[in-house]
Each structure stands twice: as structure tokens, then as C-alpha cells.
Amino acid sequence: AQTVTQSQPEMSVQEAETVTLSCTYDTSESDYYLFWYKQPPSRQMILVIRQEAYKQQNATENRFSVNFQKAAKSFSLKISDSQLGDAAMYFCAYITSGTYKYIFGTGTRLKVLA
Amino acid sequence: SQTIHQWPATLVQPVGSPLSLECTVEGTSNPNLYWYRQAAGRGLQLLFYSVGIGQISSEVPQNLSASRPQDRQFILSSKKLLLSDSGFYLCAWSEYPGNYEQYFGPGTRLTVT
Numbered sequence: 016a017q018t019v020t021q022s023q024p025e026m027s028v029q030e031a032e033t034v035t036l037s038c039t040y041d042t043s044e045s046d047y048y049l050f051w052y053k054q055p056p057s058r059q060m061i062l063v064i065r066q067e068a069y070k071q072q073n074a075t076e077n078r079f080s081v082n083f084q085k086a087a088k089s090f091s092l093k094i095s096d097s098q099l100g101d102a103a104m105y106f107c108a109y110i111t112s113g114t115y116k117y118i119f120g121t122g123t124r125l126k127v128l129a
Numbered sequence: 507s508q509t510i511h512q513w514p515a516t517l518v519q520p521v522g523s524p525l526s527l528e529c530t531v532e533g534t535s536n537p538n539l540y541w542y543r544q545a546a547g548r549g550l551q552l553l554f555y556s557v558g559i560g561q562i563s564s565e566v567p568q569n570l571s572a573s574r575p576q577d578r579q580f581i582l583s584s585k586k587l588l589l590s591d592s593g594f595y596l597c598a599w600s601e602y603p604g605n606y607e608q609y610f611g612p613g614t615r616l617t618v619t
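Here the protein sequences line up with chains A and B, keeping their order. Its first residue numbered 16, the first sequence is counted upward by one per residue in this note's numbering. Its first residue numbered 507, the second sequence is counted upward by one per residue in this note's numbering.
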């Protein structure tokens, strides 16, 4: 069965600095999708970024980018120029192509220090 | 554009009472629909998902049930709530066929007393 692991329960970053959140996953599948979600204090889950496993190029969305290492089964999120509004829980998620069930990690709480 | 609604936003119910949470999606057809539960400070637990009207898959057998009476409506129910049912309930949808992006509603905070 697939698993997603986020080994950092909590991280802190100074405003305007860069932070990287880690995510590893375990799967025997070759075709899958990976996601990062942000959950601010309102608890609304917001999609941050998506990565298709068949794409070698790392996904980027403004200040958010990923480092996708397929062989290592690693999918980290880099947040550049951190802002106070980036403070939230961040969840890594996985789904095998052709299926319906998403697997979520346990989350990393990001604190942004002014 | 697509929108997902959940209600109520907050609910306080006594043990043993029934439950009905509703989720509707606008702006798309034949979405995949999901119910998740999130305990305080924890990750997401998938409860049910549906790929079509009347088609429900249960991931966690317990005193909760789900129904999909219409294409874009997903209902979470219980006949008798337990204290352990307290939590934050999130409805989500994804497009089929699509890019597997999943979008979440604002959630319902349920407290069972």
C-alpha cells in the first residue's frame, strides 16, 4: 500500500527567507500525482501545487516550487520570500493514476516569524 | 468556475442524536466526491468517496454513512452520534476525467457532547 511521510511536525522561517518542507512517499506505481495543500487557521484546504510523476520538470507556482526526486521518492516544497500569510499546516498528498483514493501525510506546521 | 459548499459550518450535537452534513458542488458535472474527517491537529482520514450517483465506497466502517442522491450532492449521515465522531469534516471534489486536482469545501466543525 502507498504511504506518505512528512517527518517535520513543525518548521519555522523568518519572514522573507526560504524554507523547505519535506515529503517522502512509498509506491510501486510508476504513474501518479503528488500535491501540496495548505491549511491556514480557517482550516480551508487550499491546493498549492501539483506534480505529475511522468514529468521530470519540477512544478512551480509563483513563490512555491517543488523538488521532485522520483527515484528517491521525495517531493519537497520550497517556499521563497516567506510571508506571514504562509503560516499554516502543509500537507503532502499522493494518488495513483487511474484510481480515486488520495493518501495524505500527517502535515507540517509552518510558523513564519516577523 | 467551480464552487463547493458545505453546511452547516458548525454543529454541536448530543451523543445518540442523528447527523446530516451536506455538500454540493457547482460548475462541474459527474465529479468524484469525498468525505474526510480531521481530528484536531491531525491529518485527513478518508471516510467515503463516490464516483457517481448512488455509488459509495467506504474506507472506514463505523456508524457513519454517505449518500449521493444527485450528481453534485454528497451527504454524510449518522443515526446515532458517538463522542468519537467529533472532528472537522471536509468535503472535496475532483474532476473526472481530469488532472486529479482535489478541491475542498470550507468544512464543518462537529462537536458531540
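Calculated directly from the structure, the hints in this document are not laboratory data. Treat the numbers as computed from the prediction; the structure is a model and nothing was measured. Beta carbons are placed, not taken as given, at the ideal position from N, Cα and C, and that holds for glycine. Hints may contain errors.
Unchecked claim - Some chain A residues close to chain B (C-beta under 10 angstroms, calculated; not the full set): (1) Tyr-40; (2) Tyr-69; (3) Phe-83; (4) Lys-85; (5) Phe-106; (6) Lys-126.
Stated by the list, open to error - Pairwise CB distance ranges (calculated): (7) A:Glu-44 <-> B:Val-557: 16 to 22 angstroms; (8) A:Asp-96 <-> B:Thr-619: 41 to 47 angstroms; (9) B:Pro-524 <-> A:Asp-46: 23 to 29 angstroms; (10) B:Thr-619 <-> A:Ser-57: 31 to 37 angstroms; (11) A:Ser-57 <-> B:Ser-507: 16 to 22 angstroms; (12) A:Gln-23 <-> B:His-511: 32 to 38 angstroms; (13) B:Val-521 <-> A:Pro-55: 15 to 21 angstroms; (14) A:Ser-45 <-> B:Tyr-602: 18 to 24 angstroms; (15) A:Arg-78 <-> B:Gly-558: 24 to 30 angstroms; (16) B:Arg-615 <-> A:Pro-24: 21 to 27 angstroms; (17) A:Lys-93 <-> B:Gly-547: 31 to 37 angstroms; (18) B:Glu-565 <-> A:Ser-45: 21 to 27 angstroms; (19) A:Lys-126 <-> B:Gln-551: 21 to 27 angstroms.
Said to hold, decoys possible - From the structure, some residues in chain B lie toward chain A, with a derived Cβ separation under 7 angstroms: (20) Trp-513; (21) Phe-594; (22) Glu-607; (23) Gly-613.
(message) Under the constraints set out in the numbered hints, which ones does this structure not fulfil?
(response) 1, 2, 3, 4, 6, 9, 10, 13, 15, 17, 20
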